[in-house]
Amino acid sequence: MRILLSVISAILLLTGCRSGVSEEQRSSDICNTISYETRYSDIDSSYLAAKKAYSLSGNYEEGRSEALNNLAYYYYQQMKFDISARLLNKVQRQSRNQIELLCSDVMMMKVMQRIGNGYEFFRYRNSALNRMDRINESLNELTDHQLNRIYYANTEFHIVSSTYYYYLGQDSLANVEINAISDYVKSDKDVTQFLYYHYMLGSGGLLKGNRTDVILQEFDHLLLTYTLSKSRKITYFEANSLQSFAEMLIDSANVSIVRQYRRDAYNYINDQVLHDSLVIGDDSPCTLPLALARKSLSLFKQYKDLFQTACLYRTIGDIYFSEGSYQQAHASYTKALSLVHSQKKRSSKTFIAWMAGIHERLSLSYSSIGNKERSDYHRNIYLDLLDDSRQNKELDIRKENLSKEVRDVQVGIGLLLLLLFLIIVLVMLYIHRIKNHITSQYATLLSIRDSGYYADARNRIAQFVGQQESDMETLTDLGNSSRLHIEDYRNGNIIRRAKVSLVYAIIPYLNRILAETKRMKAEGKASLERLTYIRELITEITRINDVLTEWIKMQRGLLNLHITTFPLSNTLDILRLGKTSFGKKDITLVVPETDLKVKADEALTLFMVNTLADNARKFTNPGGKVQITLDATDDYVEVGIEDTGIGLSSRDVDILNNSNVYDSSHLGISNDNKGFGFGIMNCKGIIHKYKKLSSRFAVCDFGVESSPGNGSRFWFRLPRVLSVALVFALSVSAQASYSLFRSLCDSTYNANVEGRYEDALLFGDSALKVSASPMDTIKVVQLRNEMAIASQALKRWDDYRFNNNECVRLHWLYSQDTSLASYCRRMEEAKYDSSVLLVLLTLSGIIILFLIYMLFLKDRIRNKRRIASLSGDFTLTLGRIISHVRELEKLALHSESDVILLNTAFIRSLTDEHDRLLTCVQDDTYLSGLVRAFYSDMTDRLLRINELQQRITSLTEQNYKLRFEEDRLYVMNQVLDNSLSTIKHETMYYPARIDQMAQSLWENTDNSEAIDELNTLVHYYKELYLLLYEQANRQLLQSDFHSQTVSCNDISAYVQRKTDIIQSREKRDIQLTCADTVLSVRCDRNLIRILVDNILTANQKEITQLKVSYVPDDKVVSIYFTFTGIRRSEEELNDLFSPSKDNFAYYIVRQIIREHDAHYGHPGLRLDASQTDAGFTIHFTLTGNQN
Amino acid sequence: MDKFKVIIVEDVKLELKGTEEIFRHDIPEAEIIGTAQNESEFWKLMRGEAPDLVLLDLGLGGSTTVGVDICRQLKARYSQVKVLVFTGEVLNEKLWVEVLNAGADGIILKTGNLLERDDVQLVMHGRKLVFNEPFLEKVIDRFKRMVNGESATSDAMIEYEIDEYDERFLRHLALGYTKDMIANLRQMPFGTKSLEKRQADLINRLFAPNERTGVNAVHLAVRAIQLHIIDPEHLIADDE
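For the protein sequence lines, the chains are A and B, in the order given. Take my numbering: the final residue in the first sequence is number 1187, and no numbers are missing along the way. Take my numbering: the final residue in the second sequence is number 1427, and no numbers are missing along the way.
Pulled out of the complex, with its shape left as it was, chain B reads as follows (with noise of 0.2 Å):
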């Protein structure tokens, strides 16, 4: 790694006692050109010599967010800047996809072993989406929740045996339309009396026997919601 010139945005005396241990340890190639505590410092500072990288705390002071905003204005003005996000945000999802959207080259979480060499590394290098350990296992935790809940879609499919009528007479349901409605469409070759008689079929399938009485169309639509059959993030209406 080549040599390069860092500033170290950071609050907590403390804490930035701590990096700066860090950066002379384990990362000597870095030269730390300025330390500040808050956002006037920080643009004080970038007036004078650019940097290479800034590694950024998000909140500072009183202000929480204001990281986010200083990213923005960076990227916006310094784009050859390269910016790592070091925050203590570790629970605040929210906070990462917005300083993602602003530019920011990577995340690195103040837990576990905070900052590594590799991580600084790869960012100088030009690698994008820089995160470390603990931050990866928060979005891969995230990611596995999320295939899961896909192909519980695919599984429930196959438990109750959905057709693609079943699927779209469900999600139609769920839409809001009428039998007579959902009978209309192009893709539904079926009258309001056959959708009645899969009404009852899907009833049937959906509901232990004990739960079947007095099952309307919006109970249907709802177990279809909870069994994965149909996403609610995709409701779309086919056309008519």
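Chain A with its partners taken away, still in its complex shape (with noise of 0.2 Å):
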């Protein structure tokens, strides 16, 4: 397709070529001639005979169009690019022939590059490389002039690319392309490129070498384009070429360099400046740059070049600055800026590295003069301009772009494919239907069956529902991890409900005391009797308190805190969902988002806010404000509730800071505050816990802040963990020097900021040392502007020199963009693509409509359509299948319940379809079995689909209840925990008190004060305990029964499991009997189940014969655990079920006969120890089961 379109473009050329030779052509050609030539001698003149050839061309489109071209250059010269990329459009859009669209395309790069717009560079560049391939093909047949043009065109394609890269720095490119003339140009054709030649080797840049070697190269260089262009008259270049000599001498080292290499040619150009000057007229004393700039300058003004007038008012500027007379430089500059402005009033756009330049050598003279803020002014707008002008600034449209054309293929193809799919498949049918074979149509439909299509549709089905059983199956394991931490809680409530009867089992001594001290003191003395009788009790309450830090001690290993790193937002999450009961009250709510993470027990946590934010709900009046706050640090996130409420006075604020135990109803403003100190109290606890647990919780802490009517604050911390924890501590030591990097890279720019800038430079020249590797190229452009500003202030302007062009120069490296060209090569590549594919897709589509016209038209066996049809209408099912279970995957992911309700309404289009089907064939009893078993298979399978979905759902949720009932029983154990540590804690202290006062009191019995002192001191003993007995009491009064009727038989099947155990522990045979029996009892299983554990590892180290015996009595059953060869005194069977040290499973055995008891409404329930003749019974009852 590609060589058609060339042929056809080679055609269209050579017909251009040819037009017949006319006057009115001829005249036209010669005023064009004289506008190319003299277009760098008199700009004036070249634009008259541009304007003449214009005119004059009529209907003779080239000549028109290189009057265009010409006119386009004048306009670019005088910097009206606006212009200029008018006409040089109207050449592209209007003329056919391929040279002085080659031309237009040369000069719109010229343009483009002025303006700095890369991307259409590229665009015409690419343009002009394929014109140039095509009219290479064909340069046999064509005239001078237009070889002439060609050569102009060639030369000046490589001149203009070449300038493009100088301009951004890509030196080796702009070298290449500035080589690639180099025998061109050597045929001394167009003497004006010839001089452009040379005149860009010599102005600078393009060479490499070692110094010397380059300054006399470019010096010969300049030499050439000087002595040529003068003998010639040609302005532009002389001017141009007396203004790099001038550049290059300013430098006193080239100087050197040419007066020892080069003595003759130097002292020629220095007589013939002088020469010059001396005809002007001027002679103020100057040095030899000067004297070229000023030259340079007058060829300049008098050829009418604003561009070049202001970059010589630059140079002069530059000298006068190497000279060190400042004032003048600046004056020189701002010349040149007030150039820059009048360009901008006669076009839109203009060349922005040109400005740049004035504006920093503005900034430069500023500083020199000592005017710092307009310094400053100019160098920030140099370095806006310098980032405008960058080469990757269109990479993100251009990305864009791309990957639209793309995509955009992409889809062609796709398309394409599908037709072509198509055509074969019709094709195929075609075939078919020519051998008119029926039975072969039918074995095609069988084959649906085995078609990779249907196994598709059967495997997209079997891993969609290969997956639910999996998540069924990890939901399942997540439940059966539920139920046995809610086991393990339950086991632990019990036995902490026990150790709360235990605390209780002190009240009634102390009730004593009590009852004693009160007698005593209506008395007015002490006896001796009721003393001994007090430390008789108080020997007893220390001994059950004794006990209870054994139980505490015992059971600390037990159950620990669930430590984990966990994002806050959960527990927030959680808490947002309890906004209503804010909004009831008339209470914001507000709950931040956030994505910190803690480490600390997740359950807890939510306790401590939930309790929290409820507390400042009880506490503040409609209309208020609850606000969650997070305040980080690196080392721990701190969580506070603050409210809007009544606030607390001071002393409840100490009390609950300072104080570990306190009687809440003594604490806040209203009296409708039960409940308030408690949660509180809870929450303290846990954090202290957290304290006791590792270092790693010591930034732990808890406190409140409230005043009375300004609403209370409560917070708390919990570690921190930082989420990029792990990448940091694998790339520490790089992160270590990148950080000491930019760390130097601020200070640098703070010491600019606040006018050290000795301290800036030091601080730059460090961080350069520390950034070995360049890390960071835009935060070494940054550092290498700071170093450049401070040594402007510091007017070091070496220094300057150097920082700057660092600066521009990492500025370019950082901005270039090598792929510009490739890319708009691409861009071009695609949309020709395209064309193609779309003259394919055309042709693909006549042809598959003539197929269909073959197939269908010409048809006229029904049955073999139909066929052809269901074929059709059973892949297209099997498609939709798939599609529809791609559809349900991702449905799956967030909303399960909508998995069934799209599934479902499937299952019903097919079961549509299907009804649809069958009334088409439901003459053919084949056809009709065949769709009836298709779609049958196929809604069984997806039925599967929806059976599994509700068993997922209805796992979900259970597993939901499951985790809610866990933490439940979990914070409730936590806070028990807590509430008995702290009982433990508290009271330790009174009982000795109390016993050494009553001791004192045996030596004075008559000391009535004592008598009193010991009193308030029992009383206040008991208050304390009572106080505390009920903050643990009231987490019980949440109830954990679970009413169930089990049959006794199951309790002997456990007890026989459980002796099972024991004996392979123990090694040792143990003679089991359990009666067999049909009565049943109303418990909770997993109660008795450990009652049935306490009693037997109690016994375990000597049972031998056990017997387990059920008897009805009424309305109870009564079991005997009775065990054979085991003796206990009389006196060890009456204390079995009293707190001691020993007896902590009985103890366990007798608070869930106290649960049942209670749970049934206290029907007498039975629990002692009697001996038997051979060891002894334990014999408790339990409900019997009505039925």
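Hints in this document: simulated from the structure, not taken from any laboratory. Among the hints, erroneous ones may be present.
Restricting the straight-line Cα-Cα distance to at most 25 Å, the calculated cross-link-like pairs of lysine-lysine (DSS-like) are [what the hints assert, rightly or not]:
1. B:Lys1204 x A:Lys1115
2. A:Lys518 x B:Lys1325
3. B:Lys1204 x A:Lys1141
From the two separate chains plus the hints, produce the assembled complex.
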């Protein structure tokens, strides 16, 4: 296709070239030639000639286009880029002449280079390259004039490319471009292009090598340019070469090189310039560079080149600057800037690098004359302009364009393939029909079940079902783990209940002591008898306290905090669910979004946040606000709960912050504040627990801030986990030096801001030393900029030059975009491909239409068509099923219930389709059978998805409930632990003190003051104790009893299982007899199992023979565990269920019976132990099953 | 007070000691003829000499409420023996009711001044329902609350100007009657339409202006219960 298009364009080109030669055309050509040849010597003549050529061209298209191109050059030279581009566009639109189109492409490149539009530059460059290829194929047919134009276009093409790369600092590419025409220009065909070539090489920057060589080579190129242009009066290059000489000779080192190796030439130039300045009458004394520059300036003014004139002012400024004449330099730069401003009036587009250079010089000159503010102003403009001229600025737009193109191409190709596929299918069907073989049609239909498509659909469903099954498995596992936890926690809970009841066990003794002290008080003296009794009671209390301590110690290791790292957002999300309860009270709850993570116990954290938020809600009046705040440091996150409520007095705040135990009823302003203090006490307890756990939790803390009427703020701190911790650890060393580098960069900047320029340079140097490898180009560019500013301020011009050049060089390096050219080419190709694709698609379309015609209009066999359509339907259905399952997979990720809805709707649509097809083929039993089999197979498979999904949904719900239960029990246990340990710690002191007081009373029984004191102390002790007990007991008000009917045989079976375990553990035979019975009891199965566990473990070391029997007794069933061979004294058995260090297991048994008694409304359940002939029996009763 | 014989049922030895001391000091008329730490010991004692008074603890050993059962059997078998319950179950009100139903002559809570001579004397003189001060404090407290609740009802009637038809209407709404059904009641001389008006009127009386939107019959009935206008414990329908 490419070849075809090339041929067409060649034909067009030749027709364009061979048009007849009239008088009019000749004059037009002559005018154009004049315009072209005078463009560098006399721009006005060039303009007039071009205009003339245009008016003469008439119908001569080639001449007109050339005239437009020449006019475009004129406007380009005048920096009226808008007009220039417009004229060139006109050529692009109107001309069919490939040579002039090429010239206009090249001219466009020049314009785009000036206005800094890289993308358009490359677009025209690619277009020019294509045209050159095409033109080169038919060079023989061209006239001399046309050949000259081609020569021009070719050389100009490389010159402008080289200029483009040169300005972007891509020197190597610039070099390649300029060298590409070295052979061309040797032919001396076109003197202006020859001059341009040498000027480019001489003006600096393109040649590489040792300095002396480079300077000398450049000097030679410039000398050639100068002498030739002067002799031919080509002002532009004469002026340019003089300017370049001036720039070269600013540097005294260059002067000495030239004077040493090119003495004659140097003197020649010197004489020339001096001669000229005498001619002009400029006799002010000046150096050679300045004289050169002035000469050049006058030439450019004469040539009316605004751009170069401004450049010359800049050069003159540079010369003054290097001589230290800052004021004059500044005046020169200001002139240059005024020219820039005047250009802006001419065109909306401007040459940014040009402007930038002048602003940079102004910044410098202002700095040199001590105007720092203006200097900074120009520097900032300069930096902005530099950034604007970034080559990769268009990267984002391009990326988008490219991906769109690629997408289009992909879609095109996809369509094409689909079409091709269809064509193949249709052709096959066509052949099939020619054969007219009906049985093979059936075979096609039959084979649908073996087709890959069918297997695909089936696999897809199977895959989804597999996923569902694995989800179910995961859910089941989760549920099981929750169940195990719940069982654990319930066991733990009954143990804690037993402990709380043990706590209660000392209260009767306290009452006794209190009664005794009261009596002593009434009697006015202490009797020894009473004192003895009090001391006995205290001993008992101490004993029970010891037992409690022992039990708490014993169980400590069993249940630990679940420390995990979790995002606080989980907790806050749950809290947010409670918004309605706040809304009901017309209180706004504000919960922040966060991605902070902490290390703590998740369930307890939720408990704390909930408790504190609940408190806040309770104490805030309608219309108020409760707000959760999060403040993070590197170490911890402080969660704050603020309210606009009634607040607390300073005494209350002090109590809450500093005491571990207090009477909540004395806190708060309102009377309606029961439960206020307990929640906070528990929160504090949890925080203390963290602190005890590990030093990692040392940051944990809890506090209250409040004053009456101003609301309260409760807060707690948890250790923070930084999300990037891992990454940080891995790259810690690199990070360290990098962060040092960054902080040095920042210091440099700050020093500049504060005017400490010496420091800034120092910091900058250190930063550069730290950055051994360029880690962050942007940062280094900024650093260099800062260093340039500092050295500018310190008037160290060499440092400034160096740093500024580095800044610019790195800027270009960073923004370099080497892919721009290939990108444009790809864009062109993509467009080309799209048109080819279009042709192909159209052709394919026609073929398909033709085939469809052959297939369906000629077809007379109804059955054949039906089968074909059936097969299509099946395939379509399979396709739909596949995409449906894909849809389900997506849906299953976030909305499980929608899976069933969607699937059901889809199954319904399948059924509808099945019915419709069935009516179509009802007269054919074979086909209808096929339809039925196909649809029922698919429907069954899809129904399976629904079935599984329902199970998943119910499992999820179940797990949610289990999880809730798990958390509830867990928190309850933790809170109970806290309460118990508070009781232990806070009341330890009193018994000993009471004992001490009783003892001193013993020695002085008449001391009524001491009796009073004792009475008060006992009273206080009891109140405190009751308060703490109440706190613990409050947790137990949430009942955890699950009543069930359990057959006594079930209990026996459990005993059997446990006994087997003990047997294998103790390696001893145990003879177990369990009476078979029809009885059943109402109980909590789990608690009864714990009861059995405890009875058996209490005796596991000695047990050899056990009999379990059941006796019905009115409404209860008596259960006997008779141990034979274990001797227990009567006294031991009497005290079996009372608190003692060794009887914890029995105390739990007692608690379990208590729980049953309480749950079933106190039917008087028994628990006792008695001796038998050869051992002892534990007897307990449970409520019988009424049925 | 004449001399009398007593059996003390108490499972905690130290407490038993204190109780014995009280008798020895304050009630010298009492002759302690036996002490029992558990149920079987007690019945063994009862098979011997029958006492005039049994001082009974409710929880013995592992059986925490066995005392109720003991009391019931004791009263059934030895109706002349007086039973004074001496218990630490200060919170378990239900147990008090149970043991009183089982025939106990009085309940002394093991707090405050514990067992006092006067209380024992009253029991021995045949007084039923003998309670010590802590017990009475708790009962009276409860009684006060109940009475206050009841007077809240009559206050609410006045406060919200509830007449007998209002009361009847609200009561039947609470019982789940529809307005049609209420209109059919014998003592309700209003039709459905005027009941609807009455309902709107009641909503205005019982709800603050900002709460009135969306209030239906259920809301209204619940509010009436909250305001003590109708008593959920006495929700009885009138004849139709």
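Could you grab the alpha-carbon distance between Lys1204 of chain B and Lys1141 of chain A and see if it respects the 25 Å cut-off? Judged against 25 Å, a Cα distance of about 23 Å means the pair holds.
For the pair supplied as a hint, Lys1204 of chain B and Lys1115 of chain A, confirm whether the alpha-carbon distance does not exceed 25 Å. violated, 36 Å
Quickly compare the C-alpha distance for Lys518 of chain A and Lys1325 of chain B to 25 Å and report which way the hint goes. The hint holds at about 21 Å.
Figure legend: structure checked against the earlier numbered hints; the only hint not met is number 1.
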